[in-house]
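Novice: One-letter residues, chain by chain:
Number of protein chains: 2
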Amino acid sequence: MNDIKNTSKAFLPEPTLRRLPWYLAYVQLLNARHIEYVSSTQIAKEINVDSSQIAKDLSFLNIKGKTRIGYEVKTLVKELTDFLGFKHKHTAVMIGAGSLGGALIQDIGLSQYGMTIVAGFDVNPSIIGTSIRNVPIYDINELAEKQKSINAAIAILAVPVEHAQDAANKIIESGIKAIWNFTPYRIKTPTNIVIQNTSIYAHLAVMYNRLEVSKDLKK
Amino acid sequence: MNDIKNTSKAFLPEPTLRRLPWYLAYVQLLNARHIEYVSSTQIAKEINVDSSQIAKDLSFLNIKGKTRIGYEVKTLVKELTDFLGFKHKHTAVMIGAGSLGGALIQDIGLSQYGMTIVAGFDVNPSIIGTSIRNVPIYDINELAEKQKSINAAIAILAVPVEHAQDAANKIIESGIKAIWNFTPYRIKTPTNIVIQNTSIYAHLAVMYNRLEVSKDLKK
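Taken in order, these protein sequences are the chains called A and B.
Numbers in this note's numbering are just positions in the first sequence, counted from 1, shifted up by 243.
Numbers in this note's numbering are just positions in the second sequence, counted from 1, shifted up by 243.
To be clear, the hints were calculated from the coordinates, so they are not data collected in a lab.
Hints may be right or wrong, so weigh each one.
[Unchecked claim] Lysine-lysine pairs mimicking DSS-like chemistry, simulated, CA-CA at most 27 Å apart:
| hint | chain 1 | residue 1 | chain 2 | residue 2 |
| --- | --- | --- | --- | --- |
| 1 | A | Lys288 | B | Lys420 |
| 2 | A | Lys288 | B | Lys413 |
| 3 | B | Lys332 | B | Lys321 |
The shape of chain A in the complex, shown without the other chains (with noise of 0.2 Å):
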């Protein structure tokens, strides 16, 4: 039983771990108001998500909410970082340092939550040997070397899509093995490679269709 507080290594599903960082938006907020317990019905009614669905979702951490008075905020806000890793420094690569890939290496948000970009790597003559808000960009040929020295545990993907596979590729070979895919190509990778997809460009999609329907509607 000793297992259970170790809840950090245990596999969510996706959609309660993409659930957890809004319902600590919201106990930060209410942290910095000073607001010492609250509820999953009061969560629920601020983050527009089922309360039982809440309960269940906070059931992964090591926390307990106490009758009629709720969870502590304090104690909720620390729990929900630790446990989504927010804390611990996860070292980083940007594959493609172009426009997408070096506006990402200049997000200071992504240190915020955890992140921490050491390099950047290039095919573009004129952008390799230079840096980024101080991360270097190196060519994509010395990934591998590179890395030996770096140890980075996750690679941000963000080349043209043509180029997406076999900077994948380059990736998997050089040992990293999780690869943050802002491209829209879906790549192939083998299963120990952990991949999540960050396509924000498929989401202009939904909305485009979302006012073209809303526009209609008023015709």
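Got chain A sorted already, so can you dock chain B onto it with the hints?
Specialist: Okay, now just chain B, sitting in the frame of chain A:
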């Protein structure tokens, strides 16, 4: 039956809308390689989506595959691009032009997918009055006034989480009908407002968890 041609205004399921850009990315590759036809079975192999699902998704488009030959690649690229709205110009404003917002303004990828950011808005006096890649940054309190001439369809929300709801309220008051929410905060909006949540930091939580679990498996 004339409505059938007017496919871009059908309300599509969100999973379909998120998959269509993957197909587009792939058929653009094929097109660049001068490949003329592709079957849903071939797409399925590349994209890791069931071929019957692909055929179903593509049935929303104004395109028909030929038996045993498949879809014409050129036509598929054109229809998908049109259908997804990536060729129309959607005017957007950036609310919060700090680290992430500033980075997104610099991402030319967005304009390739039909989104033009014409202005940024912030509360920080040190960036109000400046510009990022020729996009002027105004005071957030000028949003309603500026919107009269800008007439933006979409507001991109990239403010610190504690200001997310306030900023969303200002967006709605200005008359903008769609919010692309990059904060991890679940903002509350009237039902006529189109919301798309893209909390990239929530994806980090998924990746961190999977990495921890795979480390454990190796012990």
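Novice: Next, verify each hint and record whether it holds.
Specialist: Comparing the hints with the structure gives:
1. Straight-line distance between C-alpha atoms of lysine 288 of chain A and lysine 420 of chain B comes to about 23 Å, which keeps the hinted pair within the 27 Å bound.
2. With a C-alpha separation of about 21 Å, the suggested pair lysine 288 of chain A and lysine 413 of chain B falls inside the 27 Å cut-off, and the hint holds.
3. A hinted pair counts as satisfied when its Cα atoms are at most 27 Å apart, and lysine 332 of chain B with lysine 321 of chain B qualifies at roughly 16 Å.
Comparing the model with each numbered hint stated earlier shows that all of them hold.
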